[in-house]
Amino acid sequence: MESAVLTPSVDSRLAATATMPWHCLLAVVGATCIPLGALWDISWHSTIGRDTFWTPAHLTIQLGGVMPGLIAGWLALRATFFGTPNERAASVRIGKFYAPLGAWVIIWGTLAMLFSAPFDDWWHNAYGLDVEILSPPHTVLAAGMYAVAIGSLLLVLAYQNRSRERAGGLLFNYAAGVLLVMASIIVTEKSYPNQQHGSFFYQVSAAIYPLYLVATARASKVKWGATSAAAVYMLIIGMMVWILPVFAAHPKLAPIYNPVDHMVPPNFPLLLIVPGIVIDLLMSKWGGEPKTFWQETRLAVVLGAAFLGAFLLAQYLFSIYLISPTAGNRFFAGNHWWPYFIRMSEFRFRFWNLKDDPLALGGVTIALALAIVKSRIALAVGRWMSKVQR
Amino acid sequence: MIRTFIRAFCLLCSILAAEAHLGNESVFYEGNAGPYPLRVFIQPPLVVPGRAQVQVRIHNDTAQKVSVLPVRWDAGRKGAPPPDQAQPVKGEAGLFSTELWVMNSGAYSVFVDVEGSLGRGTAIVPFNSISTRRLPMPRWMGVAFLISGSCLVLFLVNIIGAAVRESVLPPAVLPDFIRRRRGRYGMVLGCFLIGGVLWKGTVWWTAVDAHFQKSRLYTTLEAPCRIQYAEDAARLKISLPLPDESWRDQTPLVADHGKLMHLFLVSDTGMNAFAHLHPVRSGGDTFETILPALLQGSYSVYSDINHESGMTETLVSHITLTTNTALAAGSDADDSTWLIGRDRVVGSDVRRGLLLANGGTIRALAPLTVAAGHETILKFEVLAQDGKAMPLEPYLGMWSHAVIRSHDGTVFTHIHPSGTISLASQELFARRERGESLRSPIDVVCGRPERELAFPYYFPKAGKYRIWVQVKSQGQVLTGAYDIEVLPRTG
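So the sequence lines, in the order shown, correspond to chains A and B.
Here the first sequence is numbered in this note's numbering, starting from 1 and rising by one per residue.
Here the second sequence is numbered in this note's numbering, starting from 391 and rising by one per residue.
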């Protein structure tokens, strides 16, 4: 039951905006800078190695934090101190301050990114310069970046759900694709093509991607939400695969075991568009309006199994090509992604660790369970997302 | 609850104080890069990966361009990036400086390329790339992180509450009691979730720190040591420790000046006895030597070894002599000792000179006062009884040796006029570049000094130090010792 009191001075219909607000567009553009900068930065560390605070990749990431952060800060200040009743009515309140939910999340993300900077500096001095991608301060930074992207998505969601404009739905699908790119970056080290014949890769994938694809399919007000998000993901990664190697660059750190002479690209994107299409088809048939808990759970079982089946089939076969010498071309960039500090040998052309991590029934069952659980969570999250108004 | 949280956070933030590898990893090289006499000073990073500070001083001030290159032993110059150009230091003629990124642990060298009016030349300066400390987190920083982290957590909990309470309501609709209650439940749940994430982060941080200590933080190895007494002599047996950590250097030992091991004994009783010995391998990883005449008591043992990679290590041990020992036949001809006594005093006024066993003197020329943290050149002259310069011979390939030990025992260094580097390591790097065998004997003899002996050094901290200076003349190794008070860092 949702009994609520209407504020007397505001007509709720007035709060719905017909044209897309500028802050939604700018926030999403800013959020896009984050994964672009992160991919660029990984390439920088794989190619050149040496960096400063002011490398273009770092500046791109910072732009991705600062621009949405300033926009969100402005939204909060405007709604709190200069806002019209309509603006306040479309906000959520924290203390005495008002802002759209997405703005609050963006502000938190920007602050977390700022907080991570001195933490990371201390960490470098204590444990060495960027020994691993995943470290506690980098995780704080990643949480901040995630929050900025999620906040941007929430801003768009509120607009989509209030206006019902097709543009809102399209922008939401795009923002979901940006989030998908960020999720994939986090698990880069678990997703190399040479790992794609082992169970662990599919467990990691099942634990992550259904959440985004299924939630997008449910929350999007335009068709093919999961497919669109997967396409955006593949396009963003693909652009980096094709553009980065255009630029000549050389390592500036020793030892150099692999003398690269161009910017190292990321791996070719995962074929998430395949499970994306399957999920959209299933959702269009059975997704509909949320029903009972058990109906939703049955749907999650179907979606999880469909995701894993489609993704496993597509990626298992595709990875055979990706690690072969024939994939060493500009489009697929197979075997072009090795950083300067890796000694090259025949291990590039074989799958790794198959003895300890085979694609066996036990491992696949775990992956299936993860896909189902994540699909169920995604249905619930998607349901909430489809109702976000502020 | 709050106290527990603060304690957990502080535990997260606190890092134990670090212990340096025998107190000083700074590297000096005094030599030549082709036609250019130079002195190279390297301050390796305390944590690897990190940045090394490099200073190059060209003595004849004819260099126009100085570039430096970090070269790892197993990658060679072909596995190195383009060199970094060192920049001239304003106001210091002939001085260039830069910093180098050092990404891996192990044996490294800096290739210093000098160009100028005299042509081109290269000097190779080996150094150990190792992590030697854990950086403690300053208290103010821990408090700042605690406050700002807590603010972030509180903010996030409030966002969760607001999201549950209001986000799905149409504009202008106020949340009712049920929604407000749900919001509070959301905040409580959020607290648990965030608490779980923080706990997981603490576990992770602890694991990273443990891994750093176990697998990356270099600790001086202790070499098991024992004394075997016989009728005519006391035999010292020392075993190489065999750590199973793969990250440590596992390459075989190479001889430096014909010796696989240079062992120093320093009496713990006022440092009143000192010996420079050369145990020989008696099988496997055990080395042994016959002890020279030494007084009974406890001794600190420092054993210098050189790996084929170019990595040098100093092993530490401790022994106790239960009786006085007497030199017996069979000791290495290059062994030497110094005992405090009537005619061998620790110099209190080094300007007067230190009396040597053959009646000569070693006189310190400069500096007479030293500050920690500064490049220091310890200069001596060796005079015969008639006051003229004593004719010297190379001792273990060097015209002189100096051993520096702080009175508290935390700093120990064995240096030469060529600096702190191992000439064997330098030669190994050079041979690898030339593609030559590493196994043939390494006999590098330093250039003959002018009238004075000069040792470049960098005292890492203030305090009292003893310096033993060793030279060889007419087949006899002569040792002089004096104490020096190093002042705290300035500037």
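Hints are not guaranteed to be accurate.
With a cut-off of at most 25 angstroms between alpha-carbon atoms, the simulated BS3-like pairs for lysine-lysine come out as follows [to be verified]:
1) A:Lys-190 / B:Lys-590
2) A:Lys-291 / A:Lys-387
3) B:Lys-480 / B:Lys-468
4) A:Lys-291 / A:Lys-221
5) A:Lys-223 / A:Lys-355
6) B:Lys-455 / A:Lys-252
7) B:Lys-590 / B:Lys-604
8) A:Lys-291 / A:Lys-355
9) A:Lys-252 / B:Lys-862
The set of hints was computed from the structure by calculation and includes no laboratory data.
task = Just pull the numbers of the violated hints for me, sorted ascending.
result = 3, 5, 8, 9
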